[in-house]
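**Q** The chain contents come next:
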Amino acid sequence: DAGVIQSPRHEVTEMGQEVTLRCKPISGHNSLFWYRQTMMRGLELLIYFNNNVPIDDSGMPEDRFSAKMPNASFSTLKIQPSEPRDSAVYFCASSRTGVDYGYTFGSGTRLTVV
Amino acid sequence: AQRVTQPEKLLSVFKGAPVELKCNYSYSGSPELFWYVQYSRQRLQLLLRHISRESIKGFTADLNKGETSFHLKKPFAQEEDSAMYYCALSSGGYNKLIFGAGTRLAVHP
Numbered sequence: 001d002a003g004v005i006q007s008p009r010h011e012v013t014e015m016g017q018e019v020t021l022r023c024k025p026i027s028g029h030n031s032l033f034w035y036r037q038t039m040m041r042g043l044e045l046l047i048y049f050n051n052n053v054p055i056d057d058s059g060m061p062e063d064r065f066s067a068k069m070p071n072a073s074f075s076t077l078k079i080q081p082s083e084p085r086d087s088a089v090y091f092c093a094s095s096r097t098g099v100d101y102g103y104t105f106g107s108g109t110r111l112t113v114v
Numbered sequence: 001a002q003r004v005t006q007p008e009k010l011l012s013v014f015k016g017a018p019v020e021l022k023c024n025y026s027y028s029g030s031p032e033l034f035w036y037v038q039y040s041r042q043r044l045q046l047l048l049r050h051i052s053r054e055s056i057k058g059f060t061a062d063l064n065k066g067e068t069s070f071h072l073k074k075p076f077a078q079e080e081d082s083a084m085y086y087c088a089l090s091s092g093g094y095n096k097l098i099f100g101a102g103t104r105l106a107v108h109p
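First to last, the protein sequences are chains A and B. Heads up, the first sequence is in the numbering used here, so the first residue is 1 and it goes up one at a time. Heads up, the second sequence is in the numbering used here, so the first residue is 1 and it goes up one at a time.
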């Protein structure tokens, strides 16, 4: 298995533009998590899914953020419109509920909004 | 409230010195605790979990329920141990992890 795959690795965009981050979890994992990492706040849980259903999105900072998981092998995190304070590294992680509590993280997407 | 506290942002030691990265937690149930490591510009990797009682790369961590702590220890630090270390608490039935703010370990030659 190639692990959790995120794309793109780097994204530079202008303020006001729409940004879409993508994640492919490990096959067989039924939980998927989106985290944001910044120097100031560390790792913040934004939203997580179980069996493709959003369970808790209370960490999503604003309505500008949205996430979807249309099927077991794909999830997106969208920011529209983007702002400079959204600049961060966004990580996706997946796990199998009840079997192995450890996550497998993706390599992250480094987002820079100018 | 569920919370993980890592009081030190930076821990700086010399090679060969003992290391202890502190982690305290707040959780009403029976905790599942983990340490994750992130080397420079890489993905987070699971280092160890308390339930396994294992030693990885010379690191150990013991859950102390009385002190609500899960400190990470290594008797002799190596330069390659320099990284960001996150303590995490599993919360709820969906494997949701709550992370501490992280401690950067810098091991100098």
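Some hints could be false.
[Said to hold, decoys possible] Label-pair restraints from in silico Cβ distances:
1) 59/A with 60/B: 29 to 35 angstroms
2) 7/A with 75/B: 19 to 25 angstroms
3) 9/A with 28/B: 50 to 56 angstroms
4) 16/B with 28/A: 19 to 25 angstroms
5) 55/B with 15/A: 46 to 52 angstroms
6) 3/B with 10/A: 28 to 34 angstroms
7) 7/B with 18/A: 19 to 25 angstroms
8) 42/B with 112/A: 16 to 22 angstroms
9) 8/A with 54/B: 31 to 37 angstroms
FYI, nobody ran anything at the bench for these hints, they're computed from the structure. It should be emphasised that the depicted structure is a prediction, and the values quoted were computed from it without experimental measurement. Built from N, CA and C at the ideal position, the CB exists for glycine as well.
**Q** List in ascending order the numbers of the hints, as given earlier, that are violated by the structure.
**A** Checked against the structure, the hints that fail are numbers 2, 3, 4, 7, while the rest are satisfied.
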